[in-house]
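Trainee: Letter by letter, the chains look like this.
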Amino acid sequence: MHELRKERLVVIGNGMAPGRTLERLFEAAPGVYDVTIFNAEPRVNYDRILLSPVLSGEKTYDDIIIHGAEWYASHGVVLHAGERVVAIDRDAKTVTSDTGLTTSYDKLIIATGSNPIVIPVSGHDLPGVLTYRDLDDVQAMLAAAERGGRAVVIGGGLLGLEAAAGLKQQGMDVTVLHLMPTLMERQLDSAAGYLLQHELERRGIQVLTKANTHAVLSTNAALGPPGVRGVQLDDGSEIPADIVVMAVGIRPSIAVAKEAGLDVNRGIVVDPSMRTSDPSIFAVGECVEAGGQCFGLVAPLYEQAAVLAAHLAGDTMPTFVPSATATKLKVTGVDLYSAGDFADGPDREEIVLRDAARSVYKRLVIEDDALVGVVMYGDTQDGAWFFDLIKKRTDISELRETLIFGQSYAGGTPLDPTAAVAALPDDAEICGCNGVCKSQIVAKINDLGLTTLDDVRAHTKASSSCGTCTGLVEQLMALTLGDAYNPAAVQPMCGCTDLGHDDVRRLIKAKQLQTIPAVMQELEWSTSGGCAKCRPALNYYLVCDWPDVYADDYQSRFINERVHANIQKDGTYSIVPRMWGGMTSSKELRAIADVVDKFDIPTVKVTGGQRIDMLGIKKEDLPAVWADLGQAGFVSGHAYAKGLRTVKTCVGTDWCRFGTQDSTGLGVRIEKFMWGSWTPAKVKMAVSGCPRNCAEATCKDVGVVCVDSGYEIHFAGAAGLEVKKTDLLTTVAGEDEALEIIVALVQMYREQGRYLERIWKWAARVGMETIHAQIVEDLERRRDYFDRFVFSQKFAQHDPWAERVQGKDAHEFAPMANIARLEAAE
Amino acid sequence: MTALDGAWIDIGNLADIPREGARVVKTPAGCIGVFRTADDRVFALEDRCPHKAGPLSQGIVHDAHVTCPLHNWVISLETGLAQGADDGQVRTFPLRVDGDRILIDGAALATRSRAA
Numbered sequence: 001m002h003e004l005r006k007e008r009l010v011v012i013g014n015g016m017a018p019g020r021t022l023e024r025l026f027e028a029a030p031g032v033y034d035v036t037i038f039n040a041e042p043r044v045n046y047d048r049i050l051l052s053p054v055l056s057g058e059k060t061y062d063d064i065i066i067h068g069a070e071w072y073a074s075h076g077v078v079l080h081a082g083e084r085v086v087a088i089d090r091d092a093k094t095v096t097s098d099t100g101l102t103t104s105y106d107k108l109i110i111a112t113g114s115n116p117i118v119i120p121v122s123g124h125d126l127p128g129v130l131t132y133r134d135l136d137d138v139q140a141m142l143a144a145a146e147r148g149g150r151a152v153v154i155g156g157g158l159l160g161l162e163a164a165a166g167l168k169q170q171g172m173d174v175t176v177l178h179l180m181p182t183l184m185e186r187q188l189d190s191a192a193g194y195l196l197q198h199e200l201e202r203r204g205i206q207v208l209t210k211a212n213t214h215a216v217l218s219t220n221a222a223l224g225p226p227g228v229r230g231v232q233l234d235d236g237s238e239i240p241a242d243i244v245v246m247a248v249g250i251r252p253s254i255a256v257a258k259e260a261g262l263d264v265n266r267g268i269v270v271d272p273s274m275r276t277s278d279p280s281i282f283a284v285g286e287c288v289e290a291g292g293q294c295f296g297l298v299a300p301l302y303e304q305a306a307v308l309a310a311h312l313a314g315d316t317m318p319t320f321v322p323s324a325t326a327t328k329l330k331v332t333g334v335d336l337y338s339a340g341d342f343a344d345g346p347d348r349e350e351i352v353l354r355d356a357a358r359s360v361y362k363r364l365v366i367e368d369d370a371l372v373g374v375v376m377y378g379d380t381q382d383g384a385w386f387f388d389l390i391k392k393r394t395d396i397s398e399l400r401e402t403l404i405f406g407q408s409y410a411g412g413t414p415l416d417p418t419a420a421v422a423a424l425p426d427d428a429e430i431c432g433c434n435g436v437c438k439s440q441i442v443a444k445i446n447d448l449g450l451t452t453l454d455d456v457r458a459h460t461k462a463s464s465s466c467g468t469c470t471g472l473v474e475q476l477m478a479l480t481l482g483d484a485y486n487p488a489a490v491q492p493m494c495g496c497t498d499l500g501h502d503d504v505r506r507l508i509k510a511k512q513l514q515t516i517p518a519v520m521q522e523l524e525w526s527t528s529g530g531c532a533k534c535r536p537a538l539n540y541y542l543v544c545d546w547p548d549v550y551a552d553d554y555q556s557r558f559i560n561e562r563v564h565a566n567i568q569k570d571g572t573y574s575i576v577p578r579m580w581g582g583m584t585s586s587k588e589l590r591a592i593a594d595v596v597d598k599f600d601i602p603t604v605k606v607t608g609g610q611r612i613d614m615l616g617i618k619k620e621d622l623p624a625v626w627a628d629l630g631q632a633g634f635v636s637g638h639a640y641a642k643g644l645r646t647v648k649t650c651v652g653t654d655w656c657r658f659g660t661q662d663s664t665g666l667g668v669r670i671e672k673f674m675w676g677s678w679t680p681a682k683v684k685m686a687v688s689g690c691p692r693n694c695a696e697a698t699c700k701d702v703g704v705v706c707v708d709s710g711y712e713i714h715f716a717g718a719a720g721l722e723v724k725k726t727d728l729l730t731t732v733a734g735e736d737e738a739l740e741i742i743v744a745l746v747q748m749y750r751e752q753g754r755y756l757e758r759i760w761k762w763a764a765r766v767g768m769e770t771i772h773a774q775i776v777e778d779l780e781r782r783r784d785y786f787d788r789f790v791f792s793q794k795f796a797q798h799d800p801w802a803e804r805v806q807g808k809d810a811h812e813f814a815p816m817a818n819i820a821r822l823e824a825a826e
Numbered sequence: 001m002t003a004l005d006g007a008w009i010d011i012g013n014l015a016d017i018p019r020e021g022a023r024v025v026k027t028p029a030g031c032i033g034v035f036r037t038a039d040d041r042v043f044a045l046e047d048r049c050p051h052k053a054g055p056l057s058q059g060i061v062h063d064a065h066v067t068c069p070l071h072n073w074v075i076s077l078e079t080g081l082a083q084g085a086d087d088g089q090v091r092t093f094p095l096r097v098d099g100d101r102i103l104i105d106g107a108a109l110a111t112r113s114r115a116a
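These protein sequence lines map, in sequence, to chains A and B. Sequential numbering of the first sequence, starting at 1, is according to this note's numbering. Sequential numbering of the second sequence, starting at 1, is according to this note's numbering.
Next up, chain A with everything else stripped away, as it sits in the complex (with noise of 0.2 Å):
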């Protein structure tokens, strides 16, 4: 008896339904098909709801990848990425790519998703006119973007929307063209679409509404390669533009279908078990036509995906019928929900709530004393219970009178938010995308004991789509855990902020805020005027993330950042000057010694850094102090900064004989190389000349240890409050080669760095293998840290002393005025 061959199942199309399918289908029946899939775009399943934050730079490809390379390894699945499929044959139970590859099948499932829409108006095909619809169009319009310029986003929908506040957050100017009266009509009334269009123009981007595109203008041919120049509308007006994007929306992809003798309507005709007209063909997604609907939004496509996969696992039970959805607008900043059905009707009432000042707009309609459509602008917090009302035509009569306050109003309960939830039934939605019930998420935290909300998300899927219910799912852990759930999982940066460091970060670049108050006004802190955790940090951060741009916060910084040096318990304050690779000379031995004396400073000593320091300073002296040690050469050794601080070194092959490389060389190139970076945390480093490490390398930030082969890079040691050996990141031969390693490395500390957090404990929590692939692997990526760190130096690398002595801040060293003089002379 032959041993039982595994069932061969094929998917065309890698898109989020049909992925979803897989994961139920593994769930239920592991093991129980090969499978391979045919995925006409070159890469693994992402989540295609989050491209809009990666277009406005808030969330990059790896954040939105929902299958990565090891899924469908680890499932055995077979991905054939880049290749699209052009025939099947039914008779032989077969499918072909375009590169003639031929996979037979015993049950297919299509999942060949949909086609942008393109207005075949003359130009329509120029280089320029971009669709909306997945990651290559994501990058095509943001290398756009990069070149800035006028955008034109034809389409004023859900797409079209998300595609205008995305080219606009990258800098372009835009131009929104709608064909009909006010934006989104499918989903939004015109008073909302109104609204909408006034927060939209608010933020610089122009809408021009019962705009009909009549052609897209080219660029005068003789001049070079055609391309976008403008668009021009039936009234035969202009706008000029140097990219077009067409958002008017998606026709179901069904050729492949078609050719197939499959039945075929708008989309790929299926029953209600989502077989196609072919026993042994399915069909799932936005290519589906089921009950003469096609489906655009993820929450009935994932209702499809669970009825295919649990037919496809011998369960024959569950269908799909077509329910009504809800639409949740997810352009930054602008909250939007509307369900249900809220077009005027001769027998229908509505109750509506305006409130201009917090431009909130909520519109019910009702029929025969049930809710049958909402439309809610600016707050949409009661969203899910509105939802839960249509789903279930509840008697709403004796709500009515507070119906429109939402469900806290409703029979006066509480104010208490996870009151609120609690009052939810057990079936309510609370997750639309993946189709997350209360008590199926209240289950999961039980059962599995989770406390965090990237646990639930992970166990339960809810929120980890397009995001917009975390806060009801936070709600839901805080009543099911009580206190034991402590939603600060990310520890704020201080008591202003409820925000972690990487979110600030992150925030900082994608919002593009320049200075601490937008920082401060963008991301809502509690307090005016921040404190002395988080001023430190924001300046920091804006002196590393706008080298060029932003002007250095002095108030904002410690005292002896400010001035450049450091604070005494007495108040008198103490210097190191920089001595390169702890290299010094008669001549600046002596014009320390005539300093010294000349201003009775009480104390000289040599620093663990290779150095001396002069301790003991009243602050008024300083300028006069700076002066005679610059006369000897000397700038500020930065012994107070949150920046480099010294580069330890041997003798190496100057003197020493077990040299095996001139360390000390090396020691002083680093230290004129990086002298004057500001970094998250202080910066130590050294160069031994041997393995005996004389210079200590291997408890530093960063040390190089010199061996006969050329140079090993070591970093991630500590050797104060905790003491640490360092990694070793790669060895090379070259000194430059370690040079710019050494710099590519620091600079990647200084922009993933939270504020004084060290690099061991930086390398700790973002991982070897990433600094590695960055690092050493990558050498593009390690040109361009190495770039980023040259290009902040041009700002950072002026010596402080010096413009001290010139008199810049001069007020730091000198008293607002002397009133002790005054009574004596009277």
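Because the hints were derived from the structure by calculation, they are not lab data. None of these values were measured; they are calculated from a predicted model. Any given hint could turn out to be false.
In the DSS-like style, the derived pairs of lysine-lysine whose C-alpha atoms are separated by at most 27 Å in a straight line are [said to hold, decoys possible]:
1. B:LYS52 - A:LYS533
2. B:LYS26 - A:LYS598
3. B:LYS52 - A:LYS569
Once you've looked at the hints, dock chain B against the given chain A.
Mentor: Chain B alone, transformed into the frame defined by chain A:
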């Protein structure tokens, strides 16, 4: 009658003090920190933190508070009181702003110098 006893003494103008910063005024009995908030209000405190006499004038100014540079005690510019879990108080001195000139209360200084 020494100059300190009665009159308001002119100690400079608003622009001498960096916004969210401070300057020192030397007086017969030690230094006084003169602070300027983000919204240009001015305050005068004894320049000695109640904790370990740190120079408050060197601290970071935020809202109407200053954080001492030595051990991070937060002091209210209005009352001189230590905030949070710390307790202690520094003396405050009345100031008057006349146009952009700043004047300190000579009488308050006098009692302080005799007492010191």
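Trainee: Going back to the hint list, which numbers does this structure go against?
Mentor: Hints that this structure does not satisfy do not exist here, as all of them hold.
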